[in-house]
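Following the hints, complete the assembly by docking chain B onto the known chain A.
So the protein sequences, as listed, match chains A and B. Heads up: take any position in the first sequence, counting from 1, add 97, and you land on the working numbering. Heads up: take any position in the second sequence, counting from 1, add 8, and you land on the working numbering.
Hints listed in this document are in silico derivations from the structure and should not be mistaken for laboratory results. C-beta atoms are modelled at their ideal positions from N, C-alpha and C, and glycine is treated no differently. Just to be clear, a hint being listed does not mean it is correct.
[What the hints assert, rightly or not] Partial list, computed: chain A residues near chain B (C-beta under 10 Å):
{"id": "1", "residue": "105"}
{"id": "2", "residue": "111"}
{"id": "3", "residue": "185"}
{"id": "4", "residue": "186"}
{"id": "5", "residue": "258"}
{"id": "6", "residue": "287"}
{"id": "7", "residue": "329"}
[As the list claims (entries may be wrong)] Here are some chain B residues the structure puts well away from chain A; computed CB gaps all over 12 Å:
{"id": "8", "residue": "142"}
{"id": "9", "residue": "188"}
{"id": "10", "residue": "205"}
{"id": "11", "residue": "212"}
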Amino acid sequence: MLTVFVGIVFAFLMLPLLVVFPISISSAAYLQFPPPGFSWQWYQRYLNDPGWIDATIRSVQAASLCTVLAMGLGVPLSFALVRSRRRWVRALDRLAAAPIIVPTIILSIALYGVFSRLQLIGAWYGVAVAHTVLALPFVVILTSAGLRTFDEAQEQAAAGLGASWFIAVWRITLPQLRPSLVSAAFLAFVSSFDELVLAMFLSGASMTLPKKMFDNIMMEVDPTIAAVSVLQILLVGVCLGLTALFGRGALATTISR
Amino acid sequence: MSSRVADARERLLLLLALPALVLLLGLFAFPVLRLLAMSVEGGSLEYFEKAALDGLYVSVLADSLRIASVVTGICLVLAYPVALWLSRAGRLGLALGLFALLLPFWTSVLVRTYAWMVLLGRNGVMNRMLRDWGLIDAPVMLLYNTSGVLIGMVHVLLPYMVFPIYAALLRVDPDLGRAAEGLGAPAWRAFTRITLPLSLPGVSAGCALVFVLSLGFFITPALLGGGRVIMISMLIEQQVREFLDWPFAAALSAVLLAVTLGIYALVGRFGGKSHLATP
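Looking at chain A on its own, in the form it has when it is part of the complex (with noise of 0.2 Å):
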């Protein structure tokens, strides 16, 4: 009994997933189902259209700049969280928190006031900056759960044997922890990728994909949003598949830590 209403739990978490597939491949115009027919239209509008395009490859670059930004600051500040024994970490680590607690409206319009004075609105790095903020907790979750189930003692053998520690933590310590990181930079990547409410006010003109397909829903829904959310699902998946081959399961473990 237990297993049939997981499985209606599954099914009603996978529906719609599912059901954008025939929809993007449709040849009606408008919301049908099932499909009457079929075409690639729909990807061949995505793919013609500069303004899909464009917002792509805006979205790409920013999801790319804040997944670096992401790691850069991350990764150490994991490092001084884990192992500090001063108690300003704990101060810091509840900063590094938060941004998941407070509401991203709160965040948006906050940072909306604070970019407009410097007239950052519409610029592509500034959206992957502030998408930093958000990713962040997901670096240091990801990384400091590694980080932990990591002997120290090896870095102290690197350094009696002449290392300088930031010798040892690259050629030791960071190998060793590469399934978290590699988990870490695909959650920096997708969130950056996927984040709308943030980008809804910075972006101003030069839309992102999520904000262009906000405003694709608004006005008129036709299946060109079916074929570029098929597309992204696809790349979810596929972001997910290499995670878990070259993540060895960090993702999980950390799930159940």
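Frame of chain A, contents of chain B only:
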């Protein structure tokens, strides 16, 4: 370790934390505090008074709290059995289950909301199927009302409830349940007396997370509510975008933030965890 070495080590760790600290202060703490300060501009509480005295704003806040409670309740009922099943699943079941949770979890909220519009619309998949099976004559309104918003929000927030409960269940020693059954307790009794109480920290953590996240929800109610369901975050957005009333938006933000942090503090008191790295 001598104290000089320890000091040098602490200095290095502080240095490592510094860039992230600058980002968090400059682009998180400072902007949010600056916004909150706007709500008491001129040293008066008039904007809070406006929010408290106008029936519209009070009812939006009440609606938001009500929707967040219902979403939390539904998520709990759906998530607990899933977490329980996962905690007892074999390797393959666990891998499939986590995939079924993580794929939607990491798919854009926008994509999922759009998919629900396709499913729940007047001529959508659901209505079509119900009509074909002869269960209904006229289309049921599932979209652009509270039920649509609830379905969409539960779908987005369910994984946030499953993960903490699953983590709590994994920490329960399976031998305890076996011991209870060995002593003659039927399986359901072993569950209600042993497993369930020991998993409650995960339940409270999951409930707090889902409640707080749903309180601040924006995209899903904006799209699936069709303008009929207004939540507090939509009100804040409207004040900034349409009326450019920053102090009032700031006051509403302060209220939302106070409720959010209040719930976290409450759960934290009863043993939940709201921090990241320190075990």
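Status of each hint after checking the structure:
The interface hint given for residue 105(A) is met, as the beta carbon of that residue sits about 9 Å from the closest beta carbon of chain B, less than 10 Å. A distance limit of 10 Å between C-beta atoms decides the matter here; for residue 111(A) the minimum to chain B is near 6 Å, and the interface restraint holds. A distance limit of 10 Å between C-beta atoms decides the matter here; for residue 185(A) the minimum to chain B is near 8 Å, and the interface restraint holds. Of the supplied interface hints, the one on residue 186(A) holds, with its beta-carbon coming within about 7 Å of a beta-carbon of chain B, less than 10 Å.
Given hint, residue 258(A) at the interface with chain B, is violated; its Cβ is 18 Å from that chain's nearest Cβ, farther than 10 Å. Of the supplied interface hints, the one on residue 287(A) holds, with its beta-carbon coming within about 5 Å of a beta-carbon of chain B, less than 10 Å. With a cut of 10 Å, the hint placing residue 329(A) at the interface with chain B holds, because the nearest CB-to-CB distance is about 5 Å. No beta-carbon of chain A is positioned within 12 Å of the beta-carbon of residue 142(B); the least distance is around 18 Å.
With a minimum CB-CB distance of about 18 Å to chain A, residue 188(B) clears the 12 Å threshold, and the non-interface call stands. No beta-carbon of chain A is positioned within 12 Å of the beta-carbon of residue 205(B); the least distance is around 19 Å. At roughly 15 Å, the least C-beta separation between residue 212(B) and chain A is larger than 12 Å, which holds for a residue marked as non-interface.
Checked against the numbered hints above, the structure violates only hint 5.
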